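Peer 1: Residue-level listing of the chains:
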Amino acid sequence: MAQSKPRIKLQKTASKGEIVTIKTLINHKMESGSRKDKDGKLIPRMVIHTFSCHFNDNPIFECDIGPGISANPYLEFNVKVEESGTFRFVWEDDEGSVYTAERKIEVA
Amino acid sequence: MTELTRRSVLGLGAGMVVCAGIGLPLRAALATPEKLQAAIMEYTGGVAPANGGMTLSMPEIAENGGVVPMEVSVDSAMADGDYVESVLVAAEGNPVPVVGTFNFSRMSGDPSFSTRIRLAQSQKIVAVAKMSDGSFRMAETVTKVTIGGCGG
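Chains as they are written, first to last, in our numbering: chain G, 1 to 108; chain X, 109 to 260.
Only chain X is shown next, with the shape it has when bound in the complex (with noise of 0.2 angstroms):
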């Protein structure tokens, strides 16, 4: 299997003239490890999150960037004193960083949830929890994308 490279997956995406999904625009302004900083500092208010307490899971590889399944769920009782308000989720590649912010409730059973996101490119996502006592998790994986963000 040819090793993809970013370079190698714009090239792919670049030679994609039709593109149903995302449909990236050339080596435009896509997303940094800067932006995703950004989007992280202004979610936690600048509280540095903590590794672990939640999971992430997302393929290792995705045929369609278009739609990648994503599952986020938190260790968390969901009981008076400790319990999650919200996720945010954002991945390092896109051209927008900020994929979505979910928010729980006192009735929600299990702090989990699964969507589909895009992926324009091979990239890091991360998922980030905050929790009532006003701490921050995280949780990151990595998703290579052999057609990027651009579907059938």
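With the rest of the complex left out, here is chain G (with noise of 0.2 angstroms):
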């Protein structure tokens, strides 16, 4: 089974009102269901479905996502921090997995 390590890129400081770009990876085979094993049978699908991006618990950036995005997702986004705080994030797929990460960021 892929090893779904979630990366992150991101400062680690900031200043009030600065737009901070986030860059995202995670490994998954985001399994489209179009493909067929050597029997010519249909592998069912299997990707991550939904990405959300929290700071401070507030959310940021949502997608709604499926096979019409390559294998090991990557999303980059930005947001504009005006305090300190914890930004989350949460990937999950249609076997129910959930993944996360955390990082924090230090706002003058």
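Warning: the hint list may mix true and false statements.
[As the list claims (entries may be wrong)] Quick list of the computed label-pair ranges, beta carbon to beta carbon:
(1) Ser240/X to Thr13/G: 16 to 22 angstroms
(2) Asn58/G to Thr140/X: 38 to 44 angstroms
(3) Lys252/X to Thr86/G: 41 to 47 angstroms
(4) Ser97/G to Thr254/X: 41 to 47 angstroms
(5) Ile19/G to Val155/X: 27 to 33 angstroms
(6) Glu248/X to Ser15/G: 34 to 40 angstroms
(7) Asp183/X to Gly17/G: 17 to 23 angstroms
(8) Asp94/G to Gln145/X: 25 to 31 angstroms
(9) Asp39/G to Gly242/X: 31 to 37 angstroms
(10) Gln145/X to Glu106/G: 45 to 51 angstroms
(11) Gln145/X to Ile8/G: 33 to 39 angstroms
(12) Glu95/G to Ala185/X: 36 to 42 angstroms
[Claimed, not checked] Which chain G residues face chain X? A few, computed with CB under 7 angstroms, are given here:
(13) Gly17
(14) Ile19
(15) Gly40
(16) Asn56
(17) Ile60
(18) Ser70
(19) Lys80
By construction, these hints were calculated from the structure, which means they are not laboratory data.
For clarity, every value in this text was computed on a predicted model and none was experimentally measured.
A virtual CB, placed ideally from N, CA and C, is assigned to each residue, including glycine.
Starting from two chains that each stand alone, build the complex the way the hints lay out.
Peer 2: Below, the structure written as structure tokens:
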């Protein structure tokens, strides 16, 4: 089974009101459901269907995705930070697996 | 360079026995312009999106349809009364036309995002933005795919 450890690129400090870019990457096959195995049977779909990013429990960016997103989903977005706090990232897939990551940022 | 027609790309897809990516079923139910329109109308509740006010950036030619970079950006101040709620991305020629829905918030700095998508074949891709005033905008682009949806 692929290990789905997420990777996050985010600066550790920022100025108040700065727009900060967040780059996220997670290992996941994103099995589309259109492929066939060697016996000609369809391999069932198994993809990450939801990604969300919260900052101090406020939603920042949320995505409903599916088989049209490439394997090892890469999502880059940005946020305007006004205070220090914690980002929480959550990925959920069709099997009900939930992957999470947290990052803190200091805002002066 | 041989001109790539939809037929020849499908033929290439048929010839590929092992596909690490989408693994396109031969001549099976691909998305169609009608399905794409239906997906857009469902998102907008029947409102026709206006062209412009946003950009959808993708390469003109993708060597590998399994991993095609995409960037969407909407012209909006993200201030009270004028902000982007969400963006729909859909691909006309994929088995499932809707690629994803991307929802912003009042804390989004800049209404833009990047990701990587799968393209089963050369096709048109559209991005539709839902604005806070209930209006919709749209941008579209066409990407030629050399090897459809199938990775190495």
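Peer 1: Return the numbers of the hints above that this structure violates; sort them in rising order.
Peer 2: 1, 4, 9, 13, 15, 16
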